[in-house]
Amino acid sequence: MADQSIPIGGSLDAAPRERERLPLLDRLHEWVVTVDHKRLGILYVLYALFFLVVAGAEALSMRVQLAVPNNHFLPPEIYDQFFTMHGTTMVFLVGMPILFGIANYIVPLQIGARDMAFPRLNAFSFWLTAFGGILLYWSYIGGFGLYGMGNAPDVGWWAYAPLSTKPFSIGPTVDYWALALIVSGFGTLGTAINIVATTLSMRCKGMTLLRMPLFVWLMLVVSALTLITITPLTAAQVMLLLDRNLGAHFFDAQAGGSALLWIHFFWIFGHPEVYVLVLPVFGIASEIIPVFSRKAIFGYPAMVAASVGIAFVSLGVWAHHMFTVGMSSVGNTFFVLSTMMVGIPTGIKIFNWLATIWGGKVRFQTPMLFCVAFLFQFLIAGLTGIMLSVAPWDWQLHNSYFVIAHFHYVLVGAIIFNIFAAVYYWFPKVTGKMLSETLGKWHFWLFLIGFHLTFDTMHFVGILGMPRSIYTYEANRGWGTLNFIISVGAFIQGIAVLIFLWNVIVSLRKGKEAGNDPWDAWTLEWATPSPPPAYNFASDPVVHSRRPLWDIKHPDDPDWKYES
Amino acid sequence: MIREHVPHAARLSFLLILTAAFAAPSAWADLPQQTPSIFAPASAPASSIFGLSIFTLAITGGIFVVVGGLLAFAIIRYRERANDDTSEPPQIYGSMQVELAWTVIPILIVVVLFLTTARIIFAIQDAPQPKDALDVTVIGHQFWWEFRYPKLGIVTANELHVPVSTARDPEPTYLHLLSADVDHSFWVPQLAGKTDLIPNHPNETWIEPTHTGLYYGQCAQFCGVEHAKMLLRVYVDTPAQFAAWVKDQQQAGAEEPQVAAGREIFETHACANCHAIKGTGALGTFGPDLTHLASRDTIAAGAANNTPQELFNWIKNPDSIKPGCLMPSMQLSDNDIHELVAYLETLH
Amino acid sequence: MSAIPVTPGAENWELPSRGKVGMLSLITGESAIFTIFVVGYVFYLGKDISGPTPKQVLDIPVFNTICLLSSSVTIWLSERQIERGRMKAFAALWALTLALGIEFLIGTALEWKKLIEGGLTIRTNLFGTTFYSLVGLHATHVVIGAVGLTLILIFTLTGHINESHTERIQTFALYWHFVDAVWVVVFTVVYIVGR
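Chains as they are written, first to last, in our numbering: chain A, 1 to 564; chain B, 565 to 912; chain C, 913 to 1107.
Honestly, I wouldn't trust all of these hints.
[To be verified] Derived lysine-lysine pairs resembling BS3-like cross-links, with alpha carbons at most 27 angstroms apart: (1) A:K561 - A:K205; (2) C:K932 - A:K205; (3) A:K166 - C:K959; (4) A:K512 - A:K361; (5) A:K361 - A:K553; (6) B:K811 - B:K842.
[As the list claims (entries may be wrong)] Chain B stretches covered by chain A per the calculated footprint, using a threshold of three residues with CB under 8 angstroms from any CB of chain A: (7) 599-606; (8) 644-657; (9) 869-881; (10) 891-898.
If you are wondering where the hints come from, they were derived from the structure by calculation, not from laboratory data. Treat the numbers as computed from the prediction; the structure is a model and nothing was measured. The beta-carbon is built from N, C-alpha and C at its ideal position, and this holds for glycine as well.
Turn these sequences into a full structure, and let the hints guide you.
Spelled out as structure tokens, the structure:
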């Protein structure tokens, strides 16, 4: 059982949590001016959860429109705004903030540090990201725009030129898109710099790089990758803004500009971006699966090497999003090879997780349920990715619902499932209360059923020739029934997310007391009280292995005897 | 207890996925023609792609069965049981041999799949164009397709006619792809993979249809508000049908005397600014060529059937059929539109 | 609780300076932005449909370049001064660095004035577009550097900075060196290769 008072290199003061309740305005003010990584982490996660609901509502509206052929629920202008905003929101205002938020909270704790390397930069970055999101959503109401329907961008989250240039997008729609993302991109850059500096410069004594928890490793890799991933998008968006507002000709075909250049620049950002989204969840899985299998992660050095390998190779695969633009056969072949190659370290990770479970004693509480589903779903997503990497087959599948199915399998089936796992896992540490297991299981099973109903079916409607980005389809195309099923699944997922939100609200008030270490885990965050005091650790920890709490709980069988 | 339910659900879901992944290809071929399944190819490049896709499915299916099976086994076999003591299982930190094995095997799989893929890429993309292949220039517009047959002197829109190709008499069609405005993509799944139409960047693709019939497709690169209704119809004709169609399309526009009123409305109102009809003064190129409008089955790039009533509705208010399309409502009186429709219906 | 045996590795615990790591990370990100603009510049060389070509209108900014690159030397020298606590020498060399940076900005402004009066703007043709955006992006970074240099100079002259701030000065100097290094690349691409 978990030890309630684990000393780390000296006495640990299990700080009392009683404080006088300040007036509401003062408490809000504290949150607005905070530079504490834990509070900023919570702000990021709450911000992301809010936009998850908003972008989810956009998705559900689209699914109502597509549930039957020739539907008139959404006019095309609004539908186009919704799919643009849904994608943009989910990537920039949900995915990145929630993952960087969890990292903000957990990374300093896991490396035994007091806070991030640059706490004020941390706060600044959060507010920049937050403001960028608000600016993006202001577009819905700022000005009446064309057709009286607001100025939200409607050119797809990829905003291909020349559709996104002034002649074809006259209003300020694309300007909102570019500017909001440039601003929030600077926020992301600040957080990435912070995480790199924190992991390299703030580790506690004894924690060499090869003793860092894998979540920290993955956040280091992700943050380094982010530095050169977001910035190409910023550059391209500046170019687009110059074209639209100062008459520049970067993407102006009439002046000799190139639409292809935008496509290259966008995907030079876009592909590593999806690895920025997925690598943190590899780290989360590498924390949860060992604890719930009661075994150390299998092949830690291989996992580190695979993560670094994935990050590097992911920089060289971007044109697999462009197999249909008319690159030469040699160009296409190169990107087939690089894309297939990135599948190898990814597969190695799956095998290592499998080997971690093998021979263990698996406990199926909610975090592990989500992780097991993640393993199956990520496997399938990787395999459909291999299918898409076969360029001639991609000439059929590209821009069809098969691609949407594939990337939602990754974004929802792997990433969102894992984010839920992370929340169930770390909620006790952050709040001191356990989330309800009963509600958690309802959440899990409903979400699983809805997810598969929607995204398994979606593969087939893509094979039947349905392209993406269409606001309606004719009755005789044979896509009606499948689309209806997809829409039903979407609503089931929506209900599951509502149950989750209800679980959070109810557990905050009436959840079981968690204690320091409810899961009997092994990394440093579980040595602090729940929630940790502002200073995290009363005295700086000293570690001797990858699992400092394992060493303390098993003094006759410590890890450092076996680690290479 | 939940621990018993997990293995059942896991087994069930992967059996379902297994079945789905291996669904017999022939099942796809019995679909109506308006459902253009990529698994029902009717042309040489689409067939090569289909073969490659089945090969890829076999490999990925095999990987899924092995890895998924091992995963399912692991979570069932190694689950914590109610009567377990609280001891921790043996801690295994890794194994170099195992890591090597599951690195080398995927590399070998990748090599095989890559070489197979590369062969098909070169076979399709670098297929040399035969001297007597049919040449068609496709120009993508918001939101319609312009087709030109330069060697035959034909200009038409939205509905492409090509001859069928047989072993004895191969007749591939080579498409030169251009764009007049934004990015589009030409996708008729049963005939070929898609290729994009990008302004300032000409592309080439080819089809070699082996069965006559009508094949559906549509624009596959988001191009604006009516992207969804930029449909494609490809009519694969017998040699005789194709020759007849060509001869008809090469004529100038019909000049039936009883619809002279309608023709006058066409020529004197703004219609001629955007549309062309060979043999009249109308030379506009912003909209589709209407010289043989009545020979087509649909109007507005497949958004409506080509009937007098639909044509009336279209001219009166294009937004009612394709909201946001670039044809304005010309504010003609109903009577004028009826005359116009009568004229257009004679343009076979 | 039982004592935790000490294993080697906990003594001599030295980690890299977080300021330098942070600055190097920023430089990495900025390099990516510049790379995209340089790629755009090189891609569009020779592709103009109309308008002046680089050869017709560009003069090689030799003096500007000498000033900017010398400022890297002066800032390096100033770092050596503050390491030894020689604040007056530090302030003098720091001010010289700032002056050289400002000269570069003035020189660039004059160059642009001449080009604009000669008919080259960002909307003239592809060359105009890529030239002003790439050189402008660099000049923006020089401005930011100059603002930083000015603030530090003010803090120095009012006596707030001393030897203990050496590492922070070195961290800032990394940024200034980066700006100069980017100029080497931009200069080569725009005035040598592209002309």
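Each hint, compared with the structure:
no.: 1; hint: A:K561 - A:K205; verdict: 18 angstroms, holds
no.: 2; hint: C:K932 - A:K205; verdict: 20 angstroms, holds
no.: 3; hint: A:K166 - C:K959; verdict: 22 angstroms, holds
no.: 4; hint: A:K512 - A:K361; verdict: 24 angstroms, holds
no.: 5; hint: A:K361 - A:K553; verdict: 18 angstroms, holds
no.: 6; hint: B:K811 - B:K842; verdict: 14 angstroms, holds
no.: 7; hint: 599-606; verdict: holds (count 5)
no.: 8; hint: 644-657; verdict: holds (count 9)
no.: 9; hint: 869-881; verdict: violated (count 0)
no.: 10; hint: 891-898; verdict: violated (count 0)
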